[in-house]
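Asks: Could you build all of it, start to finish, from the sequences and the hints given here?
Here are the chains, one letter per residue:
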Amino acid sequence: MATMKFYCDAERCIECNACVTACKNEHDIPWGVNRRRVVTIKDGEQGERSLSVACMHCSDAPCAAVCPVDCFYTTGDGIVLHDKDICIGCGYCFYACPFGAPQFPESSAFSSRGKMDKCTFCAGGPEDDHSSEEYKKYGRNRLSEGKLPLCAEMCSTKALLAGDADVLSDIYRKRIINRGASAFDWGVNFNNTKIQG
Amino acid sequence: MRIHTLIMMVCLVLSVFQVQAADPSVDPPPPPESLLSINPGSELWREVRQRDGVVEGISQVKSPGANVLVNVSGQSWREYRMQELVPIAGAAILIVLVIIAIFRLLRGRIMLENGRSGVKILRFTTSQRAAHWTTAILFVTLGLTGLILLLGRKFLIPLFGAEGFSNIAVAAKFLHDYLGPVFMLALTWLFVLFVRDNIPSPKLDLQWLLKGGGLFGKHASAGRYNAGEKLWFWLATIVGLAVIISGMVLDFPIFGQARATMEFYHWVHSVSAIILIVVSFGHIYMGTAALEATFEVMKTGYCDANWAKEHHDLWYEKVKDSNESAPQSQAQANTDTGQRESADSAY
Numbered sequence: 001m002a003t004m005k006f007y008c009d010a011e012r013c014i015e016c017n018a019c020v021t022a023c024k025n026e027h028d029i030p031w032g033v034n035r036r037r038v039v040t041i042k043d044g045e046q047g048e049r050s051l052s053v054a055c056m057h058c059s060d061a062p063c064a065a066v067c068p069v070d071c072f073y074t075t076g077d078g079i080v081l082h083d084k085d086i087c088i089g090c091g092y093c094f095y096a097c098p099f100g101a102p103q104f105p106e107s108s109a110f111s112s113r114g115k116m117d118k119c120t121f122c123a124g125g126p127e128d129d130h131s132s133e134e135y136k137k138y139g140r141n142r143l144s145e146g147k148l149p150l151c152a153e154m155c156s157t158k159a160l161l162a163g164d165a166d167v168l169s170d171i172y173r174k175r176i177i178n179r180g181a182s183a184f185d186w187g188v189n190f191n192n193t194k195i196q197g
Numbered sequence: 001m002r003i004h005t006l007i008m009m010v011c012l013v014l015s016v017f018q019v020q021a022a023d024p025s026v027d028p029p030p031p032p033e034s035l036l037s038i039n040p041g042s043e044l045w046r047e048v049r050q051r052d053g054v055v056e057g058i059s060q061v062k063s064p065g066a067n068v069l070v071n072v073s074g075q076s077w078r079e080y081r082m083q084e085l086v087p088i089a090g091a092a093i094l095i096v097l098v099i100i101a102i103f104r105l106l107r108g109r110i111m112l113e114n115g116r117s118g119v120k121i122l123r124f125t126t127s128q129r130a131a132h133w134t135t136a137i138l139f140v141t142l143g144l145t146g147l148i149l150l151l152g153r154k155f156l157i158p159l160f161g162a163e164g165f166s167n168i169a170v171a172a173k174f175l176h177d178y179l180g181p182v183f184m185l186a187l188t189w190l191f192v193l194f195v196r197d198n199i200p201s202p203k204l205d206l207q208w209l210l211k212g213g214g215l216f217g218k219h220a221s222a223g224r225y226n227a228g229e230k231l232w233f234w235l236a237t238i239v240g241l242a243v244i245i246s247g248m249v250l251d252f253p254i255f256g257q258a259r260a261t262m263e264f265y266h267w268v269h270s271v272s273a274i275i276l277i278v279v280s281f282g283h284i285y286m287g288t289a290a291l292e293a294t295f296e297v298m299k300t301g302y303c304d305a306n307w308a309k310e311h312h313d314l315w316y317e318k319v320k321d322s323n324e325s326a327p328q329s330q331a332q333a334n335t336d337t338g339q340r341e342s343a344d345s346a347y
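If you read the sequences in order, they're chains A and B. In terms of my numbering, the first sequence opens at residue 1 and continues consecutively. In terms of my numbering, the second sequence opens at residue 1 and continues consecutively.
Think of the hints as simulated: they come from the structure by calculation, not from any bench. Beta carbons are placed, not taken as given, at the ideal position from N, Cα and C, and that holds for glycine. Be aware that one or more of the hints could be misleading.
Listed below are several chain B residues computed to face chain A (Cβ distance under 10 angstroms; list not exhaustive) [unchecked claim]:
no., residue
1, V61
2, V170
3, I254
4, F281
Partial selection, computed: residues in chain A whose CB lies under 8 angstroms from chain B [what the hints assert, rightly or not]:
no., residue
5, N34
6, V38
7, V39
8, T40
9, G47
10, L51
11, A65
12, V66
13, D85
14, I86
15, C90
16, F94
17, K147
18, I171
Replies: Rendered as structure tokens:
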């Protein structure tokens, strides 16, 4: 069994927001809901970096811990999914999540929260694979087709990686080595690579 | 040749001086610049992890908190809710129920010492009772639905299953969300009608409290409301205000409240609600099963003269001669609307 993870390489992300757009398009996500977003820190300053964030599919997921109706479950691939038939839209998962992954469409009177929506790692939900109910509630189930999440698959700079944690760390390790890593710079400083580790 | 030798010797001498200069008492020469460079990666991840306070970035997604990479307050809120709130709330409720049960076993039902007199005295007007029962029904509904949402996962999912409990929780959340603002109006109404007689009178109230409110024996002197009732009134008002304000912030998440704001108000809401719930158990027990001839007072608005003499002696002295204590029986009291209306206006 694999342990599915996302990794975003801050040295490669160019803040093109294509992952955000691709995700919205692939899963037909309603207005106001963004399963993935790109955050840029130090915008316009030295050391500006961008990272694409969505649900990180935590091993000890805070959303699952605080959910009052226990609607979360972890698949055999380590993907954290939730059952929208059980969700009551209380918003607690959003308070607890470090990454701001849970999203709530506005529904009914007084703009109360609808059922929570979040990144499924393109793995659908508890409904039958490829059923129309599954698509309506959770979007495309790419994983069951043998495909990885679209955001990572179409990332133009391959900054966003998705897949088995072991494979991802191997890829990232190779990148670090090829960038001229030094014992002192840990491979992320291009200015001072005089002393090679 | 000689010049070269001279230079070499000078170099040698200088190098000796350099070795001497490496004395530990003198600062060592600075390391090469490349060694001193701060790893920009560590700075990046420190900012991502928000180690030095919240660092906000920018994002094309414009929802509240979308520009923050890692919400660090979430973890402490999770720990508060799961490791403190749920167990402490459960324990507090259980402890108060046990205390009430022990009190019941020790004192039994507290009867009127001289039995009923049959003379009825008006104690609560129709509008006061309406305000009380509206607030009471809303309070019980909000308390129950709140406790279902707080403790249901632990106690109700094993009974009903996750899907069965989800239906209960949806109903609970719906009632809780919509009745909360109504409770605000009801509590305001209650406050306006009851505040006049709940102004503390320090000497009398202190005496009443020192006697333990007559819970453990002799009756303590009291006016229209005793110190216990006044304490409950002011607790319900002040803590109730905290519940209402925090509840309104939580109820309408459409004004861009940040997660930290919601977590803080959830803390305020849960702590104050649990305080109100456990104290209300005492109020409910005292008003219903604990004392003979007490429940009927808020039910009908009229109390027995002997009940008034025993529990609110000073108030009884004041009202016994007034015309408000006219009706002689409960049935009469319920039909005699004209009487009640005039009594209403008197209040």
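Asks: Taking the hints in turn, state whether each one holds.
Replies: Against the structure, the hints come out as follows:
| no. | hint | verdict |
| --- | --- | --- |
| 1 | V61 | 4 angstroms, holds |
| 2 | V170 | 5 angstroms, holds |
| 3 | I254 | 5 angstroms, holds |
| 4 | F281 | 23 angstroms, violated |
| 5 | N34 | 5 angstroms, holds |
| 6 | V38 | 6 angstroms, holds |
| 7 | V39 | 5 angstroms, holds |
| 8 | T40 | 5 angstroms, holds |
| 9 | G47 | 5 angstroms, holds |
| 10 | L51 | 6 angstroms, holds |
| 11 | A65 | 6 angstroms, holds |
| 12 | V66 | 5 angstroms, holds |
| 13 | D85 | 7 angstroms, holds |
| 14 | I86 | 4 angstroms, holds |
| 15 | C90 | 6 angstroms, holds |
| 16 | F94 | 7 angstroms, holds |
| 17 | K147 | 25 angstroms, violated |
| 18 | I171 | 18 angstroms, violated |
Checked against the numbered hints above, the structure breaks hints 4, 17 and 18 and satisfies the rest.
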